[in-house]
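Engineer: Sequence:
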Amino acid sequence: MPKRRIMMFLAINPVAFSLFGWEVRWYGIIITLAAFLGIELANREAKKRGFPQDSLWDFAFWGLPFAFLGARLYYVLFKWDYYAGHLSEILAIHKGGIALYGGLIFGAIAALIYCIKNSYSCTLFVDILAPYFLLAQSIGRWGNFMNQEAHGDRIAKSVLEAWHLPAFVIEQMRIDGVYYQPTFLYESLLSFIGVIIILTLRRYAPLRLGDAVSFYLVWYGSSRFLVEGMRTDSLYVFSTIRVSQALSLIFIALGILYAIYRYQHKEEYIYYKKVIHPMNLAVL
752 MPKRRIMMFL AINPVAFSLF GWEVRWYGII ITLAAFLGIE LANREAKKRG FPQDSLWDFA
812 FWGLPFAFLG ARLYYVLFKW DYYAGHLSEI LAIHKGGIAL YGGLIFGAIA ALIYCIKNSY
872 SCTLFVDILA PYFLLAQSIG RWGNFMNQEA HGDRIAKSVL EAWHLPAFVI EQMRIDGVYY
932 QPTFLYESLL SFIGVIIILT LRRYAPLRLG DAVSFYLVWY GSSRFLVEGM RTDSLYVFST
992 IRVSQALSLI FIALGILYAI YRYQHKEEYI YYKKVIHPMN LAVL
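In the numbering used here, the protein residues as written are 752 to 1035.
Hints may be right or wrong, so weigh each one.
Stated by the list, open to error - Simulated pairs of lysine-lysine, DSS-like, Cα-Cα distance not exceeding 25 Å: (1) LYS1024 <-> LYS830; (2) LYS798 <-> LYS908; (3) LYS798 <-> LYS1024; (4) LYS799 <-> LYS1025; (5) LYS1024 <-> LYS908; (6) LYS799 <-> LYS1024; (7) LYS799 <-> LYS868.
Claimed, not checked - Using C-beta positions, here's what the derived DEER-type ranges look like: (8) ILE926 <-> PHE787: 21 to 31 Å; (9) GLY801 <-> MET981: 38 to 48 Å; (10) SER909 <-> LEU940: 14 to 24 Å; (11) TYR1014 <-> SER769: 47 to 57 Å; (12) TYR1022 <-> PRO803: 20 to 30 Å; (13) TYR1022 <-> ALA767: 36 to 46 Å; (14) PRO957 <-> GLY772: 53 to 63 Å.
Note that these hints are calculated values from the structure, not bench results.
Note that beta-carbon positions come from the ideal geometry of N, C-alpha and C, so glycine has one too.
Sequences are here, hints too, so could you generate the full structure?
Structural biologist: Listed below in structure tokens is the structure:
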């Protein structure tokens, strides 16, 4: 098969299929499946910790839409110069344009409301979610891959080949004849490594309640800060500050401060594996 035909074959169409004239994109499919997988795995873990059956799905029924709303509003807010003149595109979320930090912030608000309403420990609830949030984020970045976005600066194809990346990844990073760094892949891999670390520690180490939350904040904040500095599509504030890097620093600081607080209050030490009922703990 000629080289040109091979490259055309490897290039992935971001549109999975059309339904009644509406384009259904791989981006939306992957993001949705990643979220559902994360919730299902978290739901199974929640049952082990004494939560009622399908409590995570009850939360997801309104929590996920709220998180997606936050992710879109965040993106539109920092791209308002564009959307002010294209109001009809604000709801075109299927084409991409959601910001993970916006989803995390709104998702955290939703989780807090849900826990207070049901008298559950918010710390335990988010502790359970932490590794599966990271897993969903890791998978979700492949939606950016399908849309050929969240990439870095130009890079020689020979460098990508030297890294032994799969051919389909290399060719999908070829945009208008130019190859770009697959920063989506960097973040995806870092997030997946974080998942492995949390689950391994949870299984073999005496983690205390809140440790997974602190680890998540520091790990993801550090990973995102590093990767964001390589991206070419960052959202900016004051024209010079990358919003996601600023929020990453806040996440790192919150994770460290929360860990210090938990370890200074030793009377509140509760081992994660020993939790058998979420309503026997303080809500916050």
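Engineer: State for each hint whether it applies.
Structural biologist: Here is what the structure says about each hint:
no. : hint                           : verdict
1   : LYS1024 <-> LYS830             : violated, 44 Å
2   : LYS798 <-> LYS908              : violated, 48 Å
3   : LYS798 <-> LYS1024             : holds, 12 Å
4   : LYS799 <-> LYS1025             : holds, 10 Å
5   : LYS1024 <-> LYS908             : violated, 48 Å
6   : LYS799 <-> LYS1024             : holds, 9 Å
7   : LYS799 <-> LYS868              : holds, 21 Å
8   : ILE926 <-> PHE787: 21 to 31 Å  : holds, 30 Å
9   : GLY801 <-> MET981: 38 to 48 Å  : holds, 42 Å
10  : SER909 <-> LEU940: 14 to 24 Å  : holds, 21 Å
11  : TYR1014 <-> SER769: 47 to 57 Å : holds, 54 Å
12  : TYR1022 <-> PRO803: 20 to 30 Å : holds, 22 Å
13  : TYR1022 <-> ALA767: 36 to 46 Å : holds, 45 Å
14  : PRO957 <-> GLY772: 53 to 63 Å  : holds, 56 Å
Going down the numbered hints, you'll see the structure goes against 1, 2, 5, while the others check out.
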